[in-house]
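J.: For chain F, the structure is supplied; the task is to place chain V on it using the hints.
2 protein chains.
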Amino acid sequence: MSEPTEPTNSAPTTDQPAGDIAPGGPSKSELKKRAKALEKEKKAAEKAAKMAEQAAAKEAADVDFAKEFYGPLPLHQSQSRPRHARVQISSLSSRDGETVLLRARVHTSRAQGSKMVFLNLRQRTESVQALLMLAPEKVSKQMLKWAAGLPTESIVLVEGAVKKTPEPIKSASVGDVEVHVSKLFLISGVEGRLPFTVEDANRPDSEVDASDSQFNRVLLDTRLNNRVVDLRTQTNQAIFKLQAAIGDLFREILGSNGFIEIHSPKLQGAATESGASVFKVSYFKGSAFLAQSPQLAKQMAIAADFERVYEIGPVFRAEDSNTHRHMTEFMGLDLEMTIEEHYHEVMELLDSLFLSIFRGLREKYKAEIDVVNKQFPCEEFKFREGPEGTLKLTFKEAVDLLVEDGVAREELDDINTENEKRLGRIVRAKYETDYFIIDKFPLALRPFYTMPDPTDPTLSNSYDFFMRGEEILSGAQRIHDPVFLSEKMREKGVDPESMKGYLDGFRMGCAPHGGGGIGLERVLMLYLKLGNIRRASLFPRDPRRLEP
Amino acid sequence: MSEPTEPTNSAPTTDQPAGDIAPGGPSKSELKKRAKALEKEKKAAEKAAKMAEQAAAKEAADVDFAKEFYGPLPLHQSQSRPRHARVQISSLSSRDGETVLLRARVHTSRAQGSKMVFLNLRQRTESVQALLMLAPEKVSKQMLKWAAGLPTESIVLVEGAVKKTPEPIKSASVGDVEVHVSKLFLISGVEGRLPFTVEDANRPDSEVDASDSQFNRVLLDTRLNNRVVDLRTQTNQAIFKLQAAIGDLFREILGSNGFIEIHSPKLQGAATESGASVFKVSYFKGSAFLAQSPQLAKQMAIAADFERVYEIGPVFRAEDSNTHRHMTEFMGLDLEMTIEEHYHEVMELLDSLFLSIFRGLREKYKAEIDVVNKQFPCEEFKFREGPEGTLKLTFKEAVDLLVEDGVAREELDDINTENEKRLGRIVRAKYETDYFIIDKFPLALRPFYTMPDPTDPTLSNSYDFFMRGEEILSGAQRIHDPVFLSEKMREKGVDPESMKGYLDGFRMGCAPHGGGGIGLERVLMLYLKLGNIRRASLFPRDPRRLEP
Chain F
7 MSEPTEPTNS APTTDQPAGD IAPGGPSKSE LKKRAKALEK EKKAAEKAAK
57 MAEQAAAKEA ADVDFAKEFY GPLPLHQSQS RPRHARVQIS SLSSRDGETV
107 LLRARVHTSR AQGSKMVFLN LRQRTESVQA LLMLAPEKVS KQMLKWAAGL
157 PTESIVLVEG AVKKTPEPIK SASVGDVEVH VSKLFLISGV EGRLPFTVED
207 ANRPDSEVDA SDSQFNRVLL DTRLNNRVVD LRTQTNQAIF KLQAAIGDLF
257 REILGSNGFI EIHSPKLQGA ATESGASVFK VSYFKGSAFL AQSPQLAKQM
307 AIAADFERVY EIGPVFRAED SNTHRHMTEF MGLDLEMTIE EHYHEVMELL
357 DSLFLSIFRG LREKYKAEID VVNKQFPCEE FKFREGPEGT LKLTFKEAVD
407 LLVEDGVARE ELDDINTENE KRLGRIVRAK YETDYFIIDK FPLALRPFYT
457 MPDPTDPTLS NSYDFFMRGE EILSGAQRIH DPVFLSEKMR EKGVDPESMK
507 GYLDGFRMGC APHGGGGIGL ERVLMLYLKL GNIRRASLFP RDPRRLEP
Chain V
7 MSEPTEPTNS APTTDQPAGD IAPGGPSKSE LKKRAKALEK EKKAAEKAAK
57 MAEQAAAKEA ADVDFAKEFY GPLPLHQSQS RPRHARVQIS SLSSRDGETV
107 LLRARVHTSR AQGSKMVFLN LRQRTESVQA LLMLAPEKVS KQMLKWAAGL
157 PTESIVLVEG AVKKTPEPIK SASVGDVEVH VSKLFLISGV EGRLPFTVED
207 ANRPDSEVDA SDSQFNRVLL DTRLNNRVVD LRTQTNQAIF KLQAAIGDLF
257 REILGSNGFI EIHSPKLQGA ATESGASVFK VSYFKGSAFL AQSPQLAKQM
307 AIAADFERVY EIGPVFRAED SNTHRHMTEF MGLDLEMTIE EHYHEVMELL
357 DSLFLSIFRG LREKYKAEID VVNKQFPCEE FKFREGPEGT LKLTFKEAVD
407 LLVEDGVARE ELDDINTENE KRLGRIVRAK YETDYFIIDK FPLALRPFYT
457 MPDPTDPTLS NSYDFFMRGE EILSGAQRIH DPVFLSEKMR EKGVDPESMK
507 GYLDGFRMGC APHGGGGIGL ERVLMLYLKL GNIRRASLFP RDPRRLEP
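Sequence order for the protein chains is F and V.
Numbers 7 to 554, taken from our numbering, label the letters of the first sequence in order.
Numbers 7 to 554, taken from our numbering, label the letters of the second sequence in order.
Only chain F is shown next, with the shape it has when bound in the complex (with noise of 0.2 Å):
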């Protein structure tokens, strides 16, 4: 763009005295180029009060943040919109040279004598380095102090340069780079005292039991009552962008095999499936109860042929256990599907589902993997990928390596959490897996709507999915057929007249089906082994804990 012409008051650019006519005055053609000049003139007259406009404009938008060098800005209130771009920390390394802009945290800040300060800024899983030197009109002392003195985890405006660093920093995830200070300002401050540092939040319980550590442990409740904090470590940034990852790859796998997302009610008339751990609600002037799976929902959808439907969300167990994998509301992947000819049909489709978000979590996020085995180390989770496929076990089979392995057949007719745990390890030991599967439980171990085995009424076709020697699928082809399923039911002790709504869809004729429901947060804890699927859980609910 060329510079903006003077206004129309400067003297003409022709040697014609102003306003002074020569004899015989100017002719018609002079007389028009005179007034295409005045009216160039005017224009860039316009043009250029409207830039100034403009300039005037952008420096009223920037005065908050660019009238000083530093200091605390006012209360962010969409003031002004001058579209400077901020920048991530994780595209430093790029920018060598560059003055940027960014938003971030202040992770640790550091006075090194009175003439330098160091800051170590985060942003989500990544950190730079950056730093202030007095220089004059530039950087004061006084803006070293209050630099100096920045709380841990207030967050920051800084404007910089980008610079090479002679040698990588160790501090930060970015460390081939750091910032070279002009402007800081502070968006929010920290009021009060922090309940413990993201710093200690983020190490591994190795550094903290060592011998010589002066570290302080950060406890589980500490972390839970206060988890806005502790979600901010690297760590959890990861877990959760992990926990959004099977989310995704569930779905992108399902979708592409023609299953539909449902969303079905968590308010439901009747305390159903089992009656003792349902929660009981006020429902204006009478009562619901909160749904403890869409195992009812994704079996009538089926009736009303939707062929193949899954969907997450929230369900609810008013069991009053504290253990490390049990929550009053945790996040259901459930799914649900017609079979053509025999409920293998699912249980396959469950296992390559399974294959695929342990390889898509492997090839799509092995950062993120890393960033937390820092914290929580542990062996690569291992699976079968070879022809041979994914290990799959009878009950019956499971309970002979149990007997083998010194455990009294006579306690096996069910297999409990810790010999679950042992099973586990046998068959780690014996197959080098981490998953396998169970199929073939006992019916007397199953709800009433599982479908029994065709040839020993003792079994069912039934199976449960396993990581780590911890269940984290359960699932059956179930009963299609009303009259079949009342007589279920009775034996059961359920009253079919209580799930009228719920027979009345196979009474309308139902595709035989199946289908299983996925924990979200085990499968996440045991894939990480994380140890507590508190950590797996963004705001965790168990029977004493309502908050945050």
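No wet-lab data here; the hints were simulated from the structure.
Remember, predicted model here, so these are calculated numbers, not experimental data.
Note that the Cβ used here is the ideal one computed from N, Cα and C, for glycine as well.
A couple of the hints might just be wrong.
Unchecked claim - A partial selection of chain V residues facing chain F, derived with a Cβ cut-off under 7 Å:
#: 1; residue: Glu159
#: 2; residue: Ile268
#: 3; residue: Asp487
#: 4; residue: Ala517
T.: This is chain V only, laid out in the frame that chain F set:
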């Protein structure tokens, strides 16, 4: 592959008489050859035996459905797995001449004299004509009689030959072929009387209302009481495919804009936001409350550095209102993001999200939209796509439009439902769009966490989005400063101490942020002009309905 060779007791193929050793005996190499040949024969025999076994197994596997040409199949208990692929009706046009196996509903059944039966077979949104003709050794009189008596909505397994039809069959969605049935089995029958036929349930009101009509109207309440049958209509199959599509588009667009999915708990320790419309839950020996939105949790996720989050989950509203657009449980599509300079960053992202959803539906789901339009005819949903962008009015401009149209300014402190619809009509007439935004709502109309306008304290940095004259999204910049937030809480009569966990997040530093919440069923209802939100929910819940 070669044909299986004969088993070992066949004659040897050499001239050498069997067992007869020539003088001098066979040479070493001859013996070796002989041994090789015998080995080969043995292998071939083993192979043949295995194949015979497999064939027998296959035969046995088929026995339950192949021993007769028709009849009810025994209870489907996964007895066998012959791996006979079922086909989809939608694929039949390209299968002329093939013999296929398919599972479908009997949509209608009609005998033509004593030698022919026509079936209309249905799978979700597709249907095809099938016919049985009397044929010796294939289709008996008994079979015909049995087929003619199959109740509507039965699920059958059909084997038949696909044949081109001389003229397109209008009553079927796949009309260029029909299926000549050779075997027909009942998978699942119908017990008792259907509450209504799927054909009746799929009829547009105009057909029922026609003066010479003899059709039954299926009332909404009757539909919802028998939702499993109602959901089988082609219209409903399409509606819920579109519901899933909106969710998919929402996630896809946000995922590509750096958002991650979170899952926040629905069980809360305190009745937050506005206590009046919250459901109370019996929680062990105490109480909990159902979240009326993920508002607080998603803001806490921002305070926890997640930067851009979304959640798709149920929200619960204990409002005793039975309007066409309220439910006690609905699906919220919520998002929250940090702001760099101005809350319009959020508003513009939400706008581009909606435009992408509208375009996505139009481009990828035209077939489903057309199916729904047959039962619910309406003008195509209009939105502005030119460089002028989406229509954005301030609240004041919206009020002025209504006043111009004759509404008294005194009644426009807020815009009620009736005036919202009126405004929708005015805007459509004047700007030719069914989609627009109202910005800058009066602060008094918004919740305590809404950021006031920087220059006019009676206004706020908040917006609503509208489709066909009804609100589908409400959003705003939120207050991130804990002191200012406490002040605003007290002004609205909320005790800051009662929301300590929420406030603590901001006390530990929080970036400026904003977001919005979308009602999934409202978007679906308004896009398709279904007239009642219950039609856009799989199993709707309102103050009077908790079943099915």
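J.: Determine for every hint whether it applies to the structure shown.
T.: Evaluation of the provided hints:
1. Glu159: At 5 Å from the nearest chain F Cβ, Glu159/V passes the 7 Å test, so the hint holds.
2. Ile268: holds (6 Å)
3. Asp487: Holds, about 6 Å.
4. Ala517: Status holds, d = 5 Å.
Of the numbered hints listed earlier, not one is contradicted by the structure.
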